[in-house]
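Visitor: Residues per chain, in single letters:
Number of protein chains: 2
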Amino acid sequence: MVPSGDPPAAQRAARGDVVVLGGGLVGAACAWRLTQRGHRVALVDPDPGGGSSRAAAGMLAPVNELRTGEDDLLALCLLAAAGFADFAAAVTSTSGLPTGYRECGTLAVALDAGDRARLSQIRSAQQSLGLEVEGLTGRECRVLEPLLDPGVCGGSLIRHDHQVDPRELFSALWTAGQRAGVEHVPQLGEVLVQDGCATGVRLADGTVRRADLVVLATGAAAGQGRVRPVKGQILRLRMPKGEHVLQRTVRGLVRDREVYLVPRENGELVVGATSEDRGFDERVTAGAVYELLRDAQALVPAVTELELVETMARCRPGSPDNLPLIGFGEVEGLLLATGHHRNGVLLAAVTAEAVATLASGGTPSPEIAACSPKRFQKAAEGE
Amino acid sequence: MVPSGDPPAAQRAARGDVVVLGGGLVGAACAWRLTQRGHRVALVDPDPGGGSSRAAAGMLAPVNELRTGEDDLLALCLLAAAGFADFAAAVTSTSGLPTGYRECGTLAVALDAGDRARLSQIRSAQQSLGLEVEGLTGRECRVLEPLLDPGVCGGSLIRHDHQVDPRELFSALWTAGQRAGVEHVPQLGEVLVQDGCATGVRLADGTVRRADLVVLATGAAAGQGRVRPVKGQILRLRMPKGEHVLQRTVRGLVRDREVYLVPRENGELVVGATSEDRGFDERVTAGAVYELLRDAQALVPAVTELELVETMARCRPGSPDNLPLIGFGEVEGLLLATGHHRNGVLLAAVTAEAVATLASGGTPSPEIAACSPKRFQKAAEGE
Numbered sequence: 000m001v002p003s004g005d006p007p008a009a010q011r012a013a014r015g016d017v018v019v020l021g022g023g024l025v026g027a028a029c030a031w032r033l034t035q036r037g038h039r040v041a042l043v044d045p046d047p048g049g050g051s052s053r054a055a056a057g058m059l060a061p062v063n064e065l066r067t068g069e070d071d072l073l074a075l076c077l078l079a080a081a082g083f084a085d086f087a088a089a090v091t092s093t094s095g096l097p098t099g100y101r102e103c104g105t106l107a108v109a110l111d112a113g114d115r116a117r118l119s120q121i122r123s124a125q126q127s128l129g130l131e132v133e134g135l136t137g138r139e140c141r142v143l144e145p146l147l148d149p150g151v152c153g154g155s156l157i158r159h160d161h162q163v164d165p166r167e168l169f170s171a172l173w174t175a176g177q178r179a180g181v182e183h184v185p186q187l188g189e190v191l192v193q194d195g196c197a198t199g200v201r202l203a204d205g206t207v208r209r210a211d212l213v214v215l216a217t218g219a220a221a222g223q224g225r226v227r228p229v230k231g232q233i234l235r236l237r238m239p240k241g242e243h244v245l246q247r248t249v250r251g252l253v254r255d256r257e258v259y260l261v262p263r264e265n266g267e268l269v270v271g272a273t274s275e276d277r278g279f280d281e282r283v284t285a286g287a288v289y290e291l292l293r294d295a296q297a298l299v300p301a302v303t304e305l306e307l308v309e310t311m312a313r314c315r316p317g318s319p320d321n322l323p324l325i326g327f328g329e330v331e332g333l334l335l336a337t338g339h340h341r342n343g344v345l346l347a348a349v350t351a352e353a354v355a356t357l358a359s360g361g362t363p364s365p366e367i368a369a370c371s372p373k374r375f376q377k378a379a380e381g382e
Numbered sequence: 000m001v002p003s004g005d006p007p008a009a010q011r012a013a014r015g016d017v018v019v020l021g022g023g024l025v026g027a028a029c030a031w032r033l034t035q036r037g038h039r040v041a042l043v044d045p046d047p048g049g050g051s052s053r054a055a056a057g058m059l060a061p062v063n064e065l066r067t068g069e070d071d072l073l074a075l076c077l078l079a080a081a082g083f084a085d086f087a088a089a090v091t092s093t094s095g096l097p098t099g100y101r102e103c104g105t106l107a108v109a110l111d112a113g114d115r116a117r118l119s120q121i122r123s124a125q126q127s128l129g130l131e132v133e134g135l136t137g138r139e140c141r142v143l144e145p146l147l148d149p150g151v152c153g154g155s156l157i158r159h160d161h162q163v164d165p166r167e168l169f170s171a172l173w174t175a176g177q178r179a180g181v182e183h184v185p186q187l188g189e190v191l192v193q194d195g196c197a198t199g200v201r202l203a204d205g206t207v208r209r210a211d212l213v214v215l216a217t218g219a220a221a222g223q224g225r226v227r228p229v230k231g232q233i234l235r236l237r238m239p240k241g242e243h244v245l246q247r248t249v250r251g252l253v254r255d256r257e258v259y260l261v262p263r264e265n266g267e268l269v270v271g272a273t274s275e276d277r278g279f280d281e282r283v284t285a286g287a288v289y290e291l292l293r294d295a296q297a298l299v300p301a302v303t304e305l306e307l308v309e310t311m312a313r314c315r316p317g318s319p320d321n322l323p324l325i326g327f328g329e330v331e332g333l334l335l336a337t338g339h340h341r342n343g344v345l346l347a348a349v350t351a352e353a354v355a356t357l358a359s360g361g362t363p364s365p366e367i368a369a370c371s372p373k374r375f376q377k378a379a380e381g382e
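Which chain is which? The protein sequence lines are A and B, in order. Under numbering that gives the first Met the number 0, the first sequence has 329 at position 330, and the numbering climbs by one with no breaks. Under numbering that gives the first Met the number 0, the second sequence has 147 at position 148, and the numbering climbs by one with no breaks.
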């Protein structure tokens, strides 16, 4: 849907024209923020919100997503988590729509003795970084979540890893952007580079949208030699009205495999997700659905009786160090906002904030500076 | 879609008006045949072909579906199977559309020693009735179907249990009916009974379609005190082009559970099906999908890599003795054509033939006479 009128005159050209290529959560957030800062913004995407944003479970989980040695990512995710409630409130305030943001915390559980040992190691690592995590017995886990399998033998309670509904958040963010004056161009496009400088976007119909700045937010399709697709398959189940099988996000170690269950207030239960390095591939496979259901049922037997509403596969944008790529790279006039891997929902707001700051020549926070795409340039030069 | 014109004048009213209530395979076949015999026919269904016909795998399997003591059903199914090729050819000839009828035979296999013993018993029972069934070793099964699991330890080859694609068959049959002059009324309806006699159908919009005869072909929704819904959940996978994992229908006993895999020439692989007596319920459940995938993978490990395209649940119309209800019952002017349980696709043609014969006062074959709804009346009186 292309709005028929131009954005409000007051916003035009004061700070230059921007084309945002890619309308997932990150692109939509960037477009909204840039418009608020006085840019005239066009967002190019044939199917806004239809990529990995649509598949995402919406866990806001700096603690649970932490992997050893990813200190920069942890700092960025903690920053994002701290500001998420305000971001969600701002989106709702502008759009009049809910985001499904829910401060429910997360319970990580272990199914067998090996899983318990691994969870305990993870908890020690988390605590050594000063993160708030409580160890629980199996019984204590079942007090919190009575429908957990009797075999669950231990857990970690992470009170500050919350959730949002990425589909609701997207709808609200999209409406906020439209109200602020973002123009939607419903086409595929590619960055137009002339003399080493991005000058706009060439659309699928052959026309060119010129811009002073191009923001690349096409997720796993960004390429740029650094971003690779990491396939995720995910299921959506439905809980009966008034009979929610879980109260909070539950992440499980099930005989050394990982699975998570994210219950929404509207009755949706998201079960995910695979993580497959096999190129760009959005096919749902029998084997992945089987394994997700098997492991979810092992943790919560009542899952067996739930309706299976949807299966989906999308590709996350993975980067070499799991940190996103936010900032200017080798091409002048091209701002990258991709590579968010498993944290795209959580990081959409801080990414948009940083993109708006960089677009007007400002200096981003140290957490964002660590995400500069130029870090790989240095690494390559040092080889 | 209501055709704007009336049926050809030559066909009108010569033999009276018929309303067929229910437009699945059985209803559509009845409407077509009745029109061919000179009746003016209206078919009432808001979603033709959207019920159990859409879910059905399309196995034409008198031998494999045989259960002990169901001699009348066997006779009926053998009659139907013998005539199916001609029926499919007639539908294609009138409609110009394919039906997916495929004379590929069926391989029944056993996974463990217990399954092999049970399959051997079943084979003996089949052979004692004069049916053509060959016993095979596990190795012989894998010569026919190389992607069977190495654990498959025995099998039965049933050369004359074939398949059709119920969705293609329905489209072709629907087109044939439309060309013959069947009028489609896209509404829900219920039989209108006055003084113990069916006089037409009351439509959802409140209007009444009068008829000299009403044919009740609403499948599991038929009710009538005799038909119960038997829920079936079924999956559709997609095989890669040119890499069909199976050549023929494979039915398996997997640790005492049954599963089947029906490969189509277009690359579809149907995996089914549950059989659940739990009232009218079309929800796909996590547990059923999990079990179907588990058992299908146990027989054919390559299933793991296939795309899962569709999950579906519909209700078969079960009868007390698994024989369909074909013929007049307690209400004058009401011809029943329901209760086909697991054999609706196979029996659609013979049912339609019988309905057309009964509608014009003829006497049906003994195989059809055994399906008279009056058999329950007698049983009830004898209580």
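These aren't lab readings, by the way, just hints derived from the structure by calculation. Worth double-checking, as some hints may not be accurate.
You can't tell identical chains apart in this list, so a pair holds if it fits in one copy or across any two.
[Unchecked claim] With a straight-line Cα cutoff of 25 Å, these simulated DMTMM-like cross-link-like pairs (lysine to aspartate or glutamate) come out:
| # | residue 1 | residue 2 |
| --- | --- | --- |
| 1 | K373 | E189 |
| 2 | K240 | D276 |
| 3 | K373 | E131 |
| 4 | K240 | D204 |
| 5 | K240 | D280 |
Visitor: So, for every hint listed, does it hold in this structure?
Guide: Status of the hints after comparison with the structure:
When the C-alpha separation of K373 and E189 is checked against a cutoff of 25 Å, the pair qualifies only within one copy, where the shortest distance is 21 Å, while the shortest distance between copies is 71 Å. Taking the shortest Cα distances, K240 and D276 sit within 25 Å of each other only across copies (23 Å), while inside one copy they are farther apart (37 Å). Proximity of K373 to E131 under the C-alpha cut-off of 25 Å is found in neither arrangement, the shortest distances being 33 Å within a copy and 73 Å between copies. For a Cα distance limit of 25 Å, the shortest separation of K240 from D204 qualifies neither inside one copy, at 47 Å, nor across copies, at 31 Å.
Proximity of K240 and D280 under a CA criterion of 25 Å is satisfied inter-copy only: 16 Å between copies versus 35 Å inside one chain copy.
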